[in-house]
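J.: Chain by chain, the residues run as shown.
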Amino acid sequence: MAHESRPSAALGALRAAFPHTLPVLTGFAVLGLAYGVLMASKGYGPGWSFLMSALCFCGSMQFAAIALLTTAFDPVQALLLSLMVNARHLFYGVSMLEKYKGLGKKRVFLIFALCDETFSLTSSVVPPPGTDRGWFYLWISLLDYLYWVAASVLGGILGGVLPFDTTGLDFALTALFVVLFIEQIRRRENLTPGLLGLACTGVALFAAGPDNLVIPAMILTLGCLLLGRRRLEA
Amino acid sequence: MTPFLTPGQTLCVVLMVMLGTLCTRFLPFLLFPENREAPAVVLYLGRVLPPAMMGLLVVYCLRSVDLTAGSHGLPEFLAVAVTAALQLWRRNSLLSIAAGTALYMLLVQVVF
Chain A
1 MAHESRPSAA LGALRAAFPH TLPVLTGFAV LGLAYGVLMA SKGYGPGWSF
51 LMSALCFCGS MQFAAIALLT TAFDPVQALL LSLMVNARHL FYGVSMLEKY
101 KGLGKKRVFL IFALCDETFS LTSSVVPPPG TDRGWFYLWI SLLDYLYWVA
151 ASVLGGILGG VLPFDTTGLD FALTALFVVL FIEQIRRREN LTPGLLGLAC
201 TGVALFAAGP DNLVIPAMIL TLGCLLLGRR RLEA
Chain B
1001 MTPFLTPGQT LCVVLMVMLG TLCTRFLPFL LFPENREAPA VVLYLGRVLP
1051 PAMMGLLVVY CLRSVDLTAG SHGLPEFLAV AVTAALQLWR RNSLLSIAAG
1101 TALYMLLVQV VF
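Protein chains in written order, with this note's numbering: chain A, 1 to 234; chain B, 1001 to 1112.
Note that these hints are calculated values from the structure, not bench results. Even for Gly, the Cβ is constructed at its ideal location relative to N, Cα and C. Some hints could be false.
[What the hints assert, rightly or not] A partial selection of chain B residues facing chain A, derived with a Cβ cut-off under 7 angstroms:
| hint | residue |
| --- | --- |
| 1 | P1028 |
| 2 | L1030 |
| 3 | L1045 |
| 4 | P1051 |
| 5 | A1052 |
| 6 | M1053 |
Bound-form chain B, shown alone:
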């Protein structure tokens, strides 16, 4: 298949995507440079955002799960539950992730 865009246009799209990404990654560090103390509210956000963003990422990963059709999100629910329970119990990250992923693969490839 031939590409839809010319090489010049493709390069331009790549650079635009890069520019957008660079802006979102560097902006906080440019706004609050390391030689100056950031405002208290920013430091507060820096402390509470990591757990909040981890919650966001969990939901973000599961955003396309359809509860009304197919397997009704059951493989996702079971695999997340097993991963979380193992982590709470044994606190071994690689074990929790490997077991959760293996269970998920089994469920989507064989069971459902």
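Extracted from the complex, chain A is given alone in its bound form:
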């Protein structure tokens, strides 16, 4: 609608975006809580969990950073580890160059908050017709961000007292990636790159082990995608 006012564009986009973030809410609630609890158990209270989550917002690296906080002070190691663990974001950025075009100030936050889960949603889910694209992506990014920050602070405050057994609940994030993988490869032209990513990461896991698989997997995938460009673009 041409004359739709800004608040209702924002509200409409929120209604469209929120259901997509529910699996992330589930997964982040569990993992964020676990992160806050773990930080608190090392003497770093909710304030530190808040700072780390709000400034870095990088789930798996935040867990890795706990090791950095419980050993001899080494800022260079912290920077290098962060660059390595987070290297996959480079590919997310390349993927979102076109989709995040022309979104003004919102774009800065979209890039800042481009974590695995937000990327998987904004790269796979198409905003419904009539929905403001910028607001739709912003709500997904902002909601995911708030879930993570809130859960990690709550974990720091509660310190491990959870009302029920949540073992396995974090599988929601794995399931989310499985679902979005299926949705991606439904499109015919995406089937080969999807299977390539799966296979290359499998090979990297086998060759480099679970702790060092990200960079070998990225290099292998990139190599295959570049070598197969002519066939994949046909």
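Put chain B on the given structure of chain A with help from the hints.
T.: Same frame as chain A, but now just chain B:
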């Protein structure tokens, strides 16, 4: 428990982790600004990387599963299979994720 690092050192580690994260997130957008057309190969990668990265993330989530010990990855395998099959059949994302997660919780808490 008292923290291992001083508050100043902790803040420094937080800022270093933040710097590393910011670099990896902003670099592509700084290299290929929106007012200029990116090279064709970058646009090509932008199209094929999303499905490839989704494949990476699936394996990444399952990287610590030990096939040789414990439950031999059976709960993970079953829950992923049910999630994928439901999604292919009904195409209802929340249903697939909820059912897969519930099955996984049941398997790891009660069965195995």
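J.: When the structure is checked against the list of hints, which entries are broken? Sort them ascending.
T.: Hint 2 contradicted; others consistent.
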